[in-house]
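Since the structure of chain A is already known, use the hints to place chain B on it.
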Amino acid sequence: AQSVTQLDSQVPVFEEAPVELRCNYSSSVSVYLFWYVQYPNQGLQLLLKYLSGSTLVKGINGFEAEFNKSQTSFHLRKPSVHISDTAEYFCAVTKGSGNTPLVFGKGTRLSVIA
Amino acid sequence: DVKVTQSSRYLVKRTGEKVFLECVQDMDHENMFWYRQDPGLGLRLIYFSYDVKMKEKGDIPEGYSVSREKKERFSLILESASTNQTSMYLCASSSAGTVNEKLFFGSGTQLSVL
Chain A
31 AQSVTQLDSQ
41 VPVFEEAPVE
51 LRCNYSSSVS
61 VYLFWYVQYP
71 NQGLQLLLKY
81 LSGSTLVKGI
91 NGFEAEFNKS
101 QTSFHLRKPS
111 VHISDTAEYF
121 CAVTKGSGNT
131 PLVFGKGTRL
141 SVIA
Chain B
44 DVKVTQSSRY
54 LVKRTGEKVF
64 LECVQDMDHE
74 NMFWYRQDPG
84 LGLRLIYFSY
94 DVKMKEKGDI
104 PEGYSVSREK
114 KERFSLILES
124 ASTNQTSMYL
134 CASSSAGTVN
144 EKLFFGSGTQ
154 LSVL
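Residue numbers (our numbering), protein chains in the order written: chain A, 31 to 144; chain B, 44 to 157.
Mixed in with the good hints there might be a few duds.
[Said to hold, decoys possible] Restricting the straight-line Cα-Cα distance to at most 27 Å, the calculated cross-link-like pairs of lysine-lysine (DSS-like) are:
no., chain 1, residue 1, chain 2, residue 2
1, A, Lys79, A, Lys125
2, A, Lys108, B, Lys145
3, A, Lys125, B, Lys96
4, B, Lys61, B, Lys96
5, B, Lys113, B, Lys96
6, A, Lys125, A, Lys99
7, A, Lys88, A, Lys99
8, A, Lys88, B, Lys46
9, A, Lys125, B, Lys145
10, B, Lys100, A, Lys125
11, B, Lys98, A, Lys136
12, B, Lys145, A, Lys136
13, A, Lys136, B, Lys100
14, B, Lys98, B, Lys56
15, B, Lys46, A, Lys79
16, B, Lys46, B, Lys100
17, B, Lys114, A, Lys125
18, A, Lys136, B, Lys46
19, B, Lys100, B, Lys56
20, A, Lys99, B, Lys145
21, A, Lys79, B, Lys100
22, A, Lys79, B, Lys145
23, A, Lys88, B, Lys145
24, B, Lys98, A, Lys125
[Unchecked claim] Chain B is faced by these chain A residues, among others (derived, beta-carbon under 7 Å):
no., residue
25, Gly73
26, Leu74
27, Leu76
28, Gly137
[What the hints assert, rightly or not] For each label pair, taking beta carbons as the anchor points, the in silico distance ranges come out as:
no., chain 1, residue 1, chain 2, residue 2, range
29, B, Met131, A, Ile143, 21 to 31 Å
30, A, Lys88, B, Glu122, 40 to 50 Å
31, B, Ser110, A, Lys99, 35 to 45 Å
32, B, Met70, A, Ser60, 20 to 30 Å
33, A, Gly92, B, Met97, 32 to 42 Å
34, A, Ser60, B, Asp102, 16 to 26 Å
35, A, Glu45, B, Met97, 41 to 51 Å
36, A, Thr130, B, Asp81, 20 to 30 Å
37, B, Ser125, A, Thr130, 28 to 38 Å
38, A, Glu96, B, Asp81, 26 to 36 Å
39, A, Ser141, B, Met70, 30 to 40 Å
40, A, His112, B, Thr126, 37 to 47 Å
These aren't lab readings, by the way, just hints derived from the structure by calculation. By construction, the Cβ of each residue, glycine as well, lies at the ideal position given by its N, Cα and C atoms.
Excised from the complex, chain B in its bound form:
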């Protein structure tokens, strides 16, 4: 069964901490994405990557960075967490050349910043 695995289901951090959210996929997908999901706002794209060491800003990249050192792993980094980054974070992947016809999502990480 194909999988996108996010390292933590729930995470509680303090304001100002550096936070790493990890995502691993086992489908050999080229494309990987980070979205955040907030009630009433739906999913908003933070960053995406179409290849190793490649990254592109999405619609709301401020306060975030990403790392893709290996094809299967895409990390989201909050350099200095703030309370407005409390949210559900969803990682997704898809294969190249499919015009993102089908995204595979992880179960999400609910991050609370206190």
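So that you can see chain A by itself, here it is in the shape it has in the complex:
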């Protein structure tokens, strides 16, 4: 079975500073990886995904993530955060074949401080 571990439950960062949210996955088969974001009082929305091809994927709002197979990681990064990036971020994984549901991590709460 697949699983993900988000290494930080909370990340405070000052506005315009860079940020990295860490995610490691566990799987014996090939995987697809995702980051979702949940703004306050809203449902989740897809930020970016890795299915195949280039290991560096770019998403919405200036976020990017890098798939690292040897380290089984899929860390999310942004070079300069804004107050509006304050939200909860979820890493998710599914098998790279078949139509299986996503498995989500426990989430990382990003707080951007003015």
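Leaving out everything else, chain B in the frame of chain A:
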């Protein structure tokens, strides 16, 4: 604008009551999912469905059942609500054959069982 609509944003019920949580999507999606979201635990899959009248258990189905009589509607049923079912419930949908590449989420129902 595509939508997943959950019938109630907040719901308060008493222990032992039968509770129905409704979810409707307008995107003609085949796949629908129910997750519960708890602080520090992330999202956990309760049930999912890939077709009308079809259902599959997720990771935590105990105490829940589901109904999918029409393609656009997926209902979560708590047969006899208990206090440990107090949680945020999220419904999601996706199109078939996309390996769940993109889930569309509703805004959630915050259920309190007293």
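Here is what the structure says about each hint:
1. Lys79/A with Lys125/A: holds (13 Å)
2. Lys108/A with Lys145/B: The hint holds at about 21 Å.
3. Lys125/A with Lys96/B: Within the cut-off at roughly 25 Å; holds.
4. Lys61/B with Lys96/B: Distance ~21 Å between Lys61/B and Lys96/B Cα, so the pair holds.
5. Lys113/B with Lys96/B: Judged against 27 Å, a Cα distance of about 8 Å means the pair holds.
6. Lys125/A with Lys99/A: holds (14 Å)
7. Lys88/A with Lys99/A: Within the cut-off at roughly 17 Å; holds.
8. Lys88/A with Lys46/B: Answer holds: Lys88/A to Lys46/B is near 24 Å, not above 27 Å.
9. Lys125/A with Lys145/B: holds (14 Å)
10. Lys100/B with Lys125/A: Holds, because 17 Å separates the two Cα atoms, which is no more than 27 Å.
11. Lys98/B with Lys136/A: holds (25 Å)
12. Lys145/B with Lys136/A: Holds - the C-alpha atoms of Lys136/A and Lys145/B are around 19 Å apart, at most 27 Å.
13. Lys136/A with Lys100/B: At roughly 20 Å apart (the allowed maximum being 27 Å), Lys100/B and Lys136/A satisfy the hint.
14. Lys98/B with Lys56/B: Holds, at roughly 25 Å.
15. Lys46/B with Lys79/A: Distance ~21 Å between Lys46/B and Lys79/A Cα, so the pair holds.
16. Lys46/B with Lys100/B: holds (24 Å)
17. Lys114/B with Lys125/A: holds (25 Å)
18. Lys136/A with Lys46/B: holds (25 Å)
19. Lys100/B with Lys56/B: holds (24 Å)
20. Lys99/A with Lys145/B: holds (22 Å)
21. Lys79/A with Lys100/B: holds (25 Å)
22. Lys79/A with Lys145/B: With Cα atoms ~9 Å apart, Lys79/A and Lys145/B stay inside 27 Å; holds.
23. Lys88/A with Lys145/B: This hinted pair holds, its Cα atoms lying about 15 Å apart.
24. Lys98/B with Lys125/A: holds (20 Å)
25. Gly73: Holds, about 3 Å.
26. Leu74: Holds, because the Cβ-Cβ distance from Leu74/A to chain B comes to roughly 4 Å (cut-off 7 Å).
27. Leu76: holds (5 Å)
28. Gly137: Check passed: Cβ of Gly137/A comes within 5 Å of chain B, closer than 7 Å.
29. Met131/B with Ile143/A: 21 to 31 Å: The hint (21 to 31 Å, Cβ to Cβ) holds, given that Met131/B and Ile143/A are roughly 26 Å apart.
30. Lys88/A with Glu122/B: 40 to 50 Å: holds (45 Å)
31. Ser110/B with Lys99/A: 35 to 45 Å: holds (41 Å)
32. Met70/B with Ser60/A: 20 to 30 Å: holds (28 Å)
33. Gly92/A with Met97/B: 32 to 42 Å: Holds, since Gly92/A and Met97/B (Cβ atoms, about 40 Å apart) stay within the stated range.
34. Ser60/A with Asp102/B: 16 to 26 Å: holds (21 Å)
35. Glu45/A with Met97/B: 41 to 51 Å: holds (47 Å)
36. Thr130/A with Asp81/B: 20 to 30 Å: holds (22 Å)
37. Ser125/B with Thr130/A: 28 to 38 Å: The hint (28 to 38 Å, Cβ to Cβ) holds, given that Ser125/B and Thr130/A are roughly 29 Å apart.
38. Glu96/A with Asp81/B: 26 to 36 Å: This hint holds: roughly 29 Å between Cβ atoms.
39. Ser141/A with Met70/B: 30 to 40 Å: holds (33 Å)
40. His112/A with Thr126/B: 37 to 47 Å: The hint (37 to 47 Å, Cβ to Cβ) holds, given that His112/A and Thr126/B are roughly 39 Å apart.
Every hint from the earlier list agrees with this structure, and none is contradicted.
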